[in-house]
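Enquirer: For reference, the chains in residue letters:
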Amino acid sequence: MPLVKDDALIQDNWTRLDDDAAMIDGPVVVSLERWLNERDVLASRNGALGVVLTSHETPEQIAGDLDRFSLVCLEFPKFTDGRAYSHARKLRERFGFKGELRAVGNVLRDQFLFMQRCGFDAFEVAEGTALEDWLRATTEISVAYQSAADRRATAMAQRQDACSTS
Amino acid sequence: MYRYDEFDHTLVAERVTQFRDQVRRRVAGELTEDEFKPLRLMNGLYLQLHAYMLRVAVPYGVLSAHQMRRLAHIARVYDKGYGHFTTRQNIQYNWPRLEEVPDLLEELAEVEMHAIQTSGNCIRNVTADQFAGVAADEIDDPRVYAEIIRQWSTLHPEFSFLPRKFKIAITGAPNDRAAVKVHDIGLRMVRNEADEPGFEVIVGGGQGRTPMIGHVVRGFLPVPDLLTYLDAVLRVYNQLGRRDNLCKARIKILVHETGVDEFTRLVEEEFAAMSRESPQVLPGGELARIRAYFQPPAYRDLREAAPTLDLALATDRAFAQWHAASVSAHKQPGYAIVTISLKPIGGIPGDASAEEMEAVADLAERFSFSEIRVTHEQNLVLPDVAKENLHAVWQGLKAAGLATPNVGLVTDIIACPGLDYCNLANARSIPIAQEISERFADLDRQHDIGELKVKISGCINACGHHHVGHIGILGVDKKGIEHYQITLGGDATETAALGDIVGPAFSGEKVTDAVDTIVAVYLEQRRDGERFLETYRRVGLAPFKEKLYASR
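Line by line, the protein sequences give chains C and R.
FYI, in the working numbering the residues of the first sequence are -2 to 163.
FYI, in the working numbering the residues of the second sequence are 487 to 1038.
Note that these hints are calculated values from the structure, not bench results.
Just so you know, nobody snuck in bad clues.
Simulated crosslink set (DSBU-like; lysine-lysine; CA at most 35 Å straight-line):
| no. | chain 1 | residue 1 | chain 2 | residue 2 |
| --- | --- | --- | --- | --- |
| 1 | R | 734 | C | 75 |
| 2 | R | 884 | R | 566 |
| 3 | R | 1031 | R | 964 |
| 4 | R | 1033 | R | 996 |
| 5 | R | 651 | C | 2 |
| 6 | R | 1031 | R | 965 |
| 7 | R | 523 | C | 75 |
| 8 | R | 523 | C | 2 |
| 9 | R | 734 | R | 1031 |
| 10 | C | 95 | R | 651 |
| 11 | C | 75 | R | 651 |
| 12 | R | 1031 | R | 996 |
Bound-form chain C, shown alone:
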């Protein structure tokens, strides 16, 4: 599947490894279950490691291991399941995850801005997705009323700045 990252449409060079698939070289993404079962093997191998959490698995379950992962994927089984927004913010703001945070599953342009604001920086999108749509989706609303993981200046903060400088 194509990936949107850093305002570009790129090919994904990670391999999603099924729980029963043989280990391979190169960057691989495993399920939480496989990580928990094969922690030692996975930790000692060469090559970047990523983990995918379904929406009922929580950031707390990998909080102690985050330095092992350069990629965390959070799954949206349906776009209406909004748990991963909270999980993303906790990974960024509470557990300080600095690697790639990728939205996977039912990832639609109309939620792109919300995801970005919650700390996602990579988005697995459907084949044929036009980059312009994605770029527009993140810029069509320019005002943020809430502080979130993206640390955009909120309307409230900008009003306070305007008061103190004028």
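With chain C held as given, fit chain R onto it using these hints.
Expert: Just chain R now, with coordinates in the frame of chain C:
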């Protein structure tokens, strides 16, 4: 009232442009109805039985006369000449055409209004005491905080896809006119020992299929922590609220299944963590900026007594009757609060024609500093009327057909749109409301009965608030025939209670008789000065049940 600054204007304008593109994609066939549905629902657009319905937010029920004129204009141009005020202080239009909705939204944006988050599983339009800022019993003005919550909740990146819809209500007064105990979050302003204002936070109330009275999770929340605390409650709910069953997805079920103590612990833990990592402490400057918009208008220095009013009351019985039902105490000497009934005898509760909206706007401009409120009981309010002008206001209302003197009385009925409009309903609500209204039309009788809140819902979703009606009426489907279950003793105020079911449901043609019987039992049982609710609480269900089912 609050006025948009550049940020507010920009966001609403951008949202209209975004939605215009979404409608364009739908009309062009780039989006299926299934794909379009979640997008339109984020913007208050429902597909009803006959047509689209657009719900427009009236933030915390506050409107200017200018905005009311625009609502009238929209009713005329985009609808069939009327609008419907709802139990969430909003207004609905039942006949907009999809292609025209973006234009309609643009007209709203011009007067600083929108339809953002009036539907969908997100934080809905915050509601408040309709007497905010003018009530004599107020601790602090809830509009200041309601506006802060309006902004915070708008396009919240983390909480736009919750398990289910989420409703917040706020009151600044001990007398609860905002029904805060039956909301997902209810905020009640209180003072601590140091006399600082803060909030009592009540979580997990609600109506619908499983009605519940909310629980206090925080007795005193300091004002600066408001948004961080709301974020914490919402985060606990977003992560743990049930998503496997739509009927069990509201926060009340989570609170119930988790237990209040454990739920409170989870919220407090999240609040402590968020206070460290992403606090949204309300800056004093922002509070002051918003509070400045809600300064009292330029009241004249009046005496509390108004001799011209007293004379009119003594000589004009019809005026006196209206006054008794419609006028409430104001904190400013010489002023009064006027509630305008949108419940004409035999009419549709909450409906207002374009002409009626304009008449109200006109009276607000002449007599109430151009301000209007919408109540959750589907009426309107002129909040700042000098007592000496009450007679003139009444005459103006009478000329517009808006002087029905029944506020708080048996014909001031709340009803949802029911099966006449809504595709969720099991039964009609409006014709039942109309029939009860006709039956009790006699004014002397209504005033003799006194305060009595009748609330009708066409299905278990309880949009007509039947659970908290003194008399609640719920439409049910019995083998394809509309029936109505009756509850007694519900209460949405600070003494909140859910109604008790009297017994088997009544068929449509027997409902009004049943209400009549209930009223007769009350009149027979009541002691001096007792309101219906007080009598009910004293005597209980038995005498009502006995009479209602005597002939069966």
